[in-house]
Amino acid sequence: MTKGIDKLVQRPISRRTALIGLVGTAGALSMPWIARAQAETIRIGFPTPLTGPFAAEANDQVRSAQLAVKLANDKGGIAGRKVELLVRDDKLNAGEAATRTLELIEKDKVHAVVGALSSAVQLAVNEVTRARNMIYVSISQSDTINEIKDFSPYTFHEALNPTMTTAVVARHSFQKGSKVAYLVADYAYGHEMLTGFKRAAEVIGAETVGEILHPFGAADYSTFIPTILSLNPDILCICNFGRDQANSIKQAVDFGVKDMMKIVVPVILHNQRLAVDPEVFEGVVGGANYYWGLEETVPSAKAFNDVFRAEYKGAIPTDYGAYGYTGVASLLMAIEKAGGTEPQKVIEAMEALKYDVAKGEQFYRKCDHQSVQSVLVLESKAKSDMKSDADLFKIVANEPASESILRSCSELGFKS
Amino acid sequence: MTVQLIAMQLFSGLALGAILIMVALGLSIIFGMLGIVNFAHGALFMVGAYAGLYVAGLTGSFWWALVLAPVLIGLFGMLIERFLIRPLYGRSPDDPLLLTFGLGYVLVEAVRILFGTDGIPFSTPAALRGVVNLGIGFFPLYRLFVIGVVLAVLLLLWLGLERTKFGLIVRAGSADPLIMRVLGVDISKLWLVVFGIGVGITALGGVLAAPMRNVSPEMGTLVLAEAFVVTVIGGMGSLAGAVIAGLIVGVAVSMTSLFAPEMATIVMFALMALILLVRPNGLYGRAAPGL
Numbered sequence: 001m002t003k004g005i006d007k008l009v010q011r012p013i014s015r016r017t018a019l020i021g022l023v024g025t026a027g028a029l030s031m032p033w034i035a036r037a038q039a040e041t042i043r044i045g046f047p048t049p050l051t052g053p054f055a056a057e058a059n060d061q062v063r064s065a066q067l068a069v070k071l072a073n074d075k076g077g078i079a080g081r082k083v084e085l086l087v088r089d090d091k092l093n094a095g096e097a098a099t100r101t102l103e104l105i106e107k108d109k110v111h112a113v114v115g116a117l118s119s120a121v122q123l124a125v126n127e128v129t130r131a132r133n134m135i136y137v138s139i140s141q142s143d144t145i146n147e148i149k150d151f152s153p154y155t156f157h158e159a160l161n162p163t164m165t166t167a168v169v170a171r172h173s174f175q176k177g178s179k180v181a182y183l184v185a186d187y188a189y190g191h192e193m194l195t196g197f198k199r200a201a202e203v204i205g206a207e208t209v210g211e212i213l214h215p216f217g218a219a220d221y222s223t224f225i226p227t228i229l230s231l232n233p234d235i236l237c238i239c240n241f242g243r244d245q246a247n248s249i250k251q252a253v254d255f256g257v258k259d260m261m262k263i264v265v266p267v268i269l270h271n272q273r274l275a276v277d278p279e280v281f282e283g284v285v286g287g288a289n290y291y292w293g294l295e296e297t298v299p300s301a302k303a304f305n306d307v308f309r310a311e312y313k314g315a316i317p318t319d320y321g322a323y324g325y326t327g328v329a330s331l332l333m334a335i336e337k338a339g340g341t342e343p344q345k346v347i348e349a350m351e352a353l354k355y356d357v358a359k360g361e362q363f364y365r366k367c368d369h370q371s372v373q374s375v376l377v378l379e380s381k382a383k384s385d386m387k388s389d390a391d392l393f394k395i396v397a398n399e400p401a402s403e404s405i406l407r408s409c410s411e412l413g414f415k416s
Numbered sequence: 001m002t003v004q005l006i007a008m009q010l011f012s013g014l015a016l017g018a019i020l021i022m023v024a025l026g027l028s029i030i031f032g033m034l035g036i037v038n039f040a041h042g043a044l045f046m047v048g049a050y051a052g053l054y055v056a057g058l059t060g061s062f063w064w065a066l067v068l069a070p071v072l073i074g075l076f077g078m079l080i081e082r083f084l085i086r087p088l089y090g091r092s093p094d095d096p097l098l099l100t101f102g103l104g105y106v107l108v109e110a111v112r113i114l115f116g117t118d119g120i121p122f123s124t125p126a127a128l129r130g131v132v133n134l135g136i137g138f139f140p141l142y143r144l145f146v147i148g149v150v151l152a153v154l155l156l157l158w159l160g161l162e163r164t165k166f167g168l169i170v171r172a173g174s175a176d177p178l179i180m181r182v183l184g185v186d187i188s189k190l191w192l193v194v195f196g197i198g199v200g201i202t203a204l205g206g207v208l209a210a211p212m213r214n215v216s217p218e219m220g221t222l223v224l225a226e227a228f229v230v231t232v233i234g235g236m237g238s239l240a241g242a243v244i245a246g247l248i249v250g251v252a253v254s255m256t257s258l259f260a261p262e263m264a265t266i267v268m269f270a271l272m273a274l275i276l277l278v279r280p281n282g283l284y285g286r287a288a289p290g291l
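Read top to bottom, the protein sequences are chains B and X.
As numbered in this note's numbering, residues 1 to 416 make up the first sequence, in order.
As numbered in this note's numbering, residues 1 to 291 make up the second sequence, in order.
So that you can see chain B by itself, here it is in the shape it has in the complex (with noise of 0.2 Å):
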């Protein structure tokens, strides 16, 4: 990528190059507008961890952002200029994403950001970003990205995060007096996703009875499988993401968890489901920020199917995949309203922008810049139910974009 670039820069200038360069000037002094908008390719930098354990959802980011690229790219560009995605393995490493994400601004002269997937790599990012006043699409969740200390009026957060997840998977799980049970990874993802749903069991009333922190990226379940029957909950609520997701649910089944509990995650992952056989994860309930069974009532989340399955021989976008898109394409549609890539300008489109895209009406919120969007709750099929290998879940609710279930400004840190 790189190397391509120096090319560009290194390339001996033409006669014939040179010709067109001045008659573009020519032109350029009777239409100024338009020789602005072809002086310049809008380049977008994609860092995401295309190796290590979150490849499948990181790759599908990908497919998904470079279709929002290349449909903007279809129509003619964006204010009249071509959009280019420039993409970055992070290694779901930190300290890799943040010398990336430099590299990008520093060397590759991005106009603007979006990826990381994890929420310290994308912290990580957004540090780097913040300090250059790079504009900053966060496609990832994370509940401290909304908060004053880590905030940057440049940064726009996606994806969902993990208050508004959790409120609305406990609203159609959670009854008054269910007894919880959490087993949670011990990390940020974790942390987060249990206080969500903690503060959410407390408004509908349901009662805590106990939580189990597991050490990230464990092997085995076994061990903490005679505290949770002990525990005798209604529910058994698991934090964790990757693969860790697809082996606690695997190993609690064996044990036959599922035949005296309920199993509920706050986000239910695609090709983790894709990991297992269907009985694994059937009847488990959690939430989603897209499905692409949404088609039968979304008109948008239809037209994107479409478009992604045109482009990539009939393949269904993801869950994380569709963050990717979601991304891209609401930064580009404030870019073109902004009428270029002006950081100042592209915040206040940003901020003015009512978008649907793939899933339904969404926006960014005013002080925290986190998009206030529609939360899916999905339920695994049976084998029996399902009508064809894409057919994994059953869609139990679609939550339209609401304030209400997020924290309030003012409890996050802003002055109101």
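What the hints contain is simulated information worked out from the structure, not anything from laboratory work.
There's no promise every hint is true.
Claimed, not checked - Stretch by stretch, here's where chain X covers chain B in the computed footprint (C-beta under 8 Å, at least three residues):
#	region
1	222–229
2	244–251
What the hints assert, rightly or not - In silico negatives: residues of chain B with every beta carbon more than 12 Å from chain X:
#	residue
3	K75
4	E147
5	R171
6	G177
7	L183
8	D186
9	A201
10	E211
11	E296
12	K354
What the hints assert, rightly or not - Stretches of chain X that chain B covers, calculated by requiring three or more beta carbons in the stretch to come under 8 Å of a beta carbon on chain B:
#	region
13	76–90
14	112–126
15	182–189
16	233–240
17	259–273
Glycine is no exception: its CB is placed at the ideal position from the N, C-alpha and C atoms.
Let chain B serve as the given structure and place chain X on it in line with the hints.
Quick look at chain X alone, frame taken from chain B:
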């Protein structure tokens, strides 16, 4: 906290211990007999699981996978010994270590290319699904089956090493290879077979783990760490040590899960550090040859 819960936790710990023994056995055999620290152990474990997946896909039977995958990967192990490790005998012990370390990376990448980076389902065989009432609580039938297989493998290994002529030669060869050569025994053939058996058992561990841990290219990463902990605590190269250490680690993890679950992984390493302080060669270890 009831007596029943503690009893159940203890049992889970012993059961986990059996799985850890399975995971560590291949590493322990290869080190004990050949003095090679096999850093590709975790990757071979993972390759075993994928081989199991492949065989099960072809034959439609878990049982064929359980038998054929370890044999195939064992043969693959013999190729590794013959063409990659054998040229390094007699050189610094670091050389095979570095070689197997790199080999581990190559195998993981190869699997990513062949089977993709996503996890792949591996069903528990129908006959082994369900739970068994132990009186103190319920336990998955499959895990009880794994314990049974581990006991069978240990018994076979013990009989093979202690009661056969082959075992006698292997033990003599690991004690003093030079004398064995002087006596006219072709040591290189012996080591080829031992390495193959070690890798085969590692692959068996992978196949057995697949229905519990799911199959993914990274499934061997933690396995390597677990196997080292068990092998080091037991004493590098001691079979009895690996068995005792596996059980101790299993129970330690299980009891920690009860009282401080977030420490369940770290406790293994803390235990290893503690035991190394008291017994630098591990519980049953002799001073390691060549290290």
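Hints versus structure:
Counting residues of the region 222–229 of chain B whose CB lies closer than 8 Å to any CB of chain X gives 7, which reaches the minimum of 3, so the coverage claim holds. With 4 residues having a beta carbon nearer than 8 Å to a beta carbon of chain X, the region 244–251 of chain B meets the requirement of three or more and the stated coverage holds. Listed as a non-interface residue, B:K75 keeps its Cβ farther than 12 Å from every Cβ of chain X; the least gap is roughly 33 Å. Non-interface call for B:E147 relative to chain X: holds, since the shortest CB-CB distance, roughly 24 Å, exceeds 12 Å.
With 12 Å as the threshold on Cβ separation, the claim that B:R171 sits away from chain X holds: the shortest Cβ distance comes to roughly 28 Å. Separation of B:G177 from chain X is adequate, the least Cβ-Cβ distance of about 24 Å exceeding the 12 Å criterion. Under the 12 Å C-beta cut-off, the non-interface status given to B:L183 relative to chain X is violated; the minimum distance is some 9 Å. Look at B:D186: its CB is around 4 Å from the nearest CB on chain X, not clear of 12 Å, so calling it non-interface is violated.
Every CB of chain X lies more than 12 Å from the CB of B:A201, the least distance being 20 Å, so the non-interface label holds. Not every C-beta of chain X lies more than 12 Å from that of B:E211, the closest at about 9 Å, which undercuts listing it as non-interface. With a closest Cβ-Cβ approach of about 26 Å to chain X, B:E296 is found to remain outside the 12 Å limit, as its non-interface label requires. Interface exclusion of B:K354 from chain X stands, the closest Cβ pair being 36 Å apart, more than 12 Å.
Counting residues of the region 76–90 of chain X whose C-beta lies closer than 8 Å to any C-beta of chain B gives 0; at least three are required, and the coverage claim is violated. Coverage of the region 112–126 of chain X by chain B holds in this model, with 7 residues showing a Cβ closer than 8 Å to a Cβ of that chain against a need of three. Taking a C-beta to C-beta cut-off of 8 Å, the region 182–189 of chain X contributes 0 residues in contact with chain B, too few for the three needed, and the coverage statement is violated. Coverage of the region 233–240 of chain X by chain B is violated in this model, with 0 residues showing a Cβ closer than 8 Å to a Cβ of that chain against a need of three.
For the region 259–273 of chain X, the stated coverage by chain B holds: 6 residues have a C-beta nearer than 8 Å to a C-beta of that chain, and at least 3 were required.
Violated hints, in rising order: 7, 8, 10, 13, 15 and 16; the structure is consistent with all others.
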